[in-house]
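There are 2 protein chains.
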Amino acid sequence: MHIMIIGAAGMIGRKLTKECIEARAQLDGKNLSLTLVDIVEPSKPEGVDPGITIQTIKADFSDQKTATILANLTADIIYHLAAVVSGEAESNFDKGYAANVSASWQFLEAIRKTNTTPKFIFSSSLAVYGPPFSETITDNQCLRPSSSYGTQKTIVEYLISDYTRKGFIQGLTLRLPTIVVRPGVPNAAASSFLSSIIREPLAGEKAILPVEVNERAWISSPGIAVKNLVHAAILKPAKLKGISTINLPGITVSIEQMMEAVISTGGNSLSKLIIKEKNEMIENIVCSWPYKFDTTVAKNLKFIKDSDINSIVDQYIKEHS
Amino acid sequence: MHIMIIGAAGMIGRKLTKECIEARAQLDGKNLSLTLVDIVEPSKPEGVDPGITIQTIKADFSDQKTATILANLTADIIYHLAAVVSGEAESNFDKGYAANVSASWQFLEAIRKTNTTPKFIFSSSLAVYGPPFSETITDNQCLRPSSSYGTQKTIVEYLISDYTRKGFIQGLTLRLPTIVVRPGVPNAAASSFLSSIIREPLAGEKAILPVEVNERAWISSPGIAVKNLVHAAILKPAKLKGISTINLPGITVSIEQMMEAVISTGGNSLSKLIIKEKNEMIENIVCSWPYKFDTTVAKNLKFIKDSDINSIVDQYIKEHS
Numbered sequence: 010m011h012i013m014i015i016g017a018a019g020m021i022g023r024k025l026t027k028e029c030i031e032a033r034a035q036l037d038g039k040n041l042s043l044t045l046v047d048i049v050e051p052s053k054p055e056g057v058d059p060g061i062t063i064q065t066i067k068a069d070f071s072d073q074k075t076a077t078i079l080a081n082l083t084a085d086i087i088y089h090l091a092a093v094v095s096g097e098a099e100s101n102f103d104k105g106y107a108a109n110v111s112a113s114w115q116f117l118e119a120i121r122k123t124n125t126t127p128k129f130i131f132s133s134s135l136a137v138y139g140p141p142f143s144e145t146i147t148d149n150q151c152l153r154p155s156s157s158y159g160t161q162k163t164i165v166e167y168l169i170s171d172y173t174r175k176g177f178i179q180g181l182t183l184r185l186p187t188i189v190v191r192p193g194v195p196n197a198a199a200s201s202f203l204s205s206i207i208r209e210p211l212a213g214e215k216a217i218l219p220v221e222v223n224e225r226a227w228i229s230s231p232g233i234a235v236k237n238l239v240h241a242a243i244l245k246p247a248k249l250k251g252i253s254t255i256n257l258p259g260i261t262v263s264i265e266q267m268m269e270a271v272i273s274t275g276g277n278s279l280s281k282l283i284i285k286e287k288n289e290m291i292e293n294i295v296c297s298w299p300y301k302f303d304t305t306v307a308k309n310l311k312f313i314k315d316s317d318i319n320s321i322v323d324q325y326i327k328e329h330s
Numbered sequence: 010m011h012i013m014i015i016g017a018a019g020m021i022g023r024k025l026t027k028e029c030i031e032a033r034a035q036l037d038g039k040n041l042s043l044t045l046v047d048i049v050e051p052s053k054p055e056g057v058d059p060g061i062t063i064q065t066i067k068a069d070f071s072d073q074k075t076a077t078i079l080a081n082l083t084a085d086i087i088y089h090l091a092a093v094v095s096g097e098a099e100s101n102f103d104k105g106y107a108a109n110v111s112a113s114w115q116f117l118e119a120i121r122k123t124n125t126t127p128k129f130i131f132s133s134s135l136a137v138y139g140p141p142f143s144e145t146i147t148d149n150q151c152l153r154p155s156s157s158y159g160t161q162k163t164i165v166e167y168l169i170s171d172y173t174r175k176g177f178i179q180g181l182t183l184r185l186p187t188i189v190v191r192p193g194v195p196n197a198a199a200s201s202f203l204s205s206i207i208r209e210p211l212a213g214e215k216a217i218l219p220v221e222v223n224e225r226a227w228i229s230s231p232g233i234a235v236k237n238l239v240h241a242a243i244l245k246p247a248k249l250k251g252i253s254t255i256n257l258p259g260i261t262v263s264i265e266q267m268m269e270a271v272i273s274t275g276g277n278s279l280s281k282l283i284i285k286e287k288n289e290m291i292e293n294i295v296c297s298w299p300y301k302f303d304t305t306v307a308k309n310l311k312f313i314k315d316s317d318i319n320s321i322v323d324q325y326i327k328e329h330s
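As you go down the protein sequences, you meet chains A and B in turn.
Following our numbering, the numbering of the first sequence begins with 10 at its first residue and continues without gaps.
Following our numbering, the numbering of the second sequence begins with 10 at its first residue and continues without gaps.
So here's chain A without its partners, still in its complex pose:
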């Protein structure tokens, strides 16, 4: 089985690579080969069984020639995780559409021309939703993105559904909750602060909180998110019964609950490290996202979720200290 990961050098991409190797038996008992693609050189995980072939490709998949070359490697499963994140897509309109729509579409076209109908797993986002929406988001909720990023994800979701219906790919869009805690440094995602307010205080550093403490978010740990991405690859297409888009399970937490989880781990003094500083652009984007979902479809398909915010914080500390 040949798995290609576009966006393999990113945080989720790196974790997904490891998870694919660990889930080797479920994915394919004998021949697993991984092609890791990113705009920066993806690193090969160490200590991997030599029976698993891993090739890394440093390439910009938004280049038409590159898209064709990648498609012609005819992977059985293609993960498309590459994206210009929400904050950057909002401030740089051209860059967002070029990377998030044009490049994705061109890649789908290149795949269509191979006539191989691979599994195509696309990571989308709750940013496809915006107000007005009912308190609990169901699969029947109209997509109403209130950001360019959300619009771009929406458009690619619809392309994937149509390409799947026409038999050009076996597409599956997974809408990921906001990933918390992201390790490392803040990025240009509007939701980046949701990780910062946990990560920075635990490291004794200050973090900016740009929204009110009673705001809520729909989140998933990186560990659970990659387990769900691998589960999507293992799922038999027949089980999907025509479903091409799934809201992955997550948990609803308030900023306050996130701060409490940090304090219960690191002590009261950490609360001083969280500095309130309103930011309207971030607030407009993140607070327009829903925070409560009915994920019955995902649960019936055996996708999983975190138990609570404390276990998410514990998981982060265990892996990064």
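Quick caveat, the hints were computed from the structure, so don't treat them as lab data.
Source: prediction; values computed, not measured.
You may find that some hints are simply not true.
[As the list claims (entries may be wrong)] To be clear about the criterion: a stretch of chain B counts as covered by chain A if any three or more of its residues have a C-beta under 8 Å from a C-beta of chain A, and this derived list gives those stretches: (1) 143-150; (2) 154-166; (3) 180-192.
For glycine and all other residues, C-beta sits at the position ideal for the given N, C-alpha and C.
Given chain A, put chain B in place with the hints provided.
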């Protein structure tokens, strides 16, 4: 006031041209100028007040240079009616996406670069909906197109919403019911038969019915549709309160009711001219469309609908015999 109609040579485009001239006083008391654009030479309506300037342009707006030239004419109101219709978009995947998505997007980009923020009125379709949907379609219904045409309309709708949110255009998408009775000859729209089964028998000719008689459709006469298109141009943006997509009013009729309306006008013998001949492709597309809508939003904004199928048939006979 300068109004540009892309797709002006089509049936709706021609009627819309006349309606704009008739509604001149509401649109702009003094200076009305019309730019009629189509891939075939649009005809100038006759007997028009010389105070109204009309220019016709035979051009393919899917050509990038042409799109830029048209955008640089900086019309105040742009109607975008051009489309590869549903049946053709389903059988010719490349052509459908090129015309219905790429060309529309490129045109929006050309308009954005003019920094003029025109009113941009886009004719979309109930083909953006597909099963499963609730019996009555509300504005909150998830778009779930089951054809490439519906997917293409969906994508452009979302582009228009985002371009409007960013202030590049004042966009308004109007989802038109299926237009019945279209005069002339059948076209490649999957719904073309809905006009044929009225038009052909009235002319003493045979028509093919590719679906069951108990199937229902959501329809509007061409006359009401163009009145609604002009109303959209007159509507003050403030009244829209952020709404960028509207399901236009229509009426629900069964095939049986349409046949009865034909018979009540032309006599019993006409029923023999409707030949049942199942067509799976047409059935898959047309019967996946909803036929019942809650159009409260449109009604509150003073969009109108036909009274019943008999008045639609009468209107057709009056205008075309």
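Results for each hint:
Against chain A, the segment 143-150 of chain B contributes 4 residues with a C-beta closer than 8 Å to a partner C-beta. That satisfies the three-residue criterion, and the hint holds. Residue count for the segment 154-166 of chain B with a Cβ under 8 Å from a Cβ of chain A: 6. That meets the three needed, and the coverage hint holds. Counting residues of the segment 180-192 of chain B whose beta-carbon sits less than 8 Å from any beta-carbon of chain A gives 0, not enough to reach three: the coverage restraint is violated.
In the structure shown, a violation is registered for the earlier hint numbered 3 alone.
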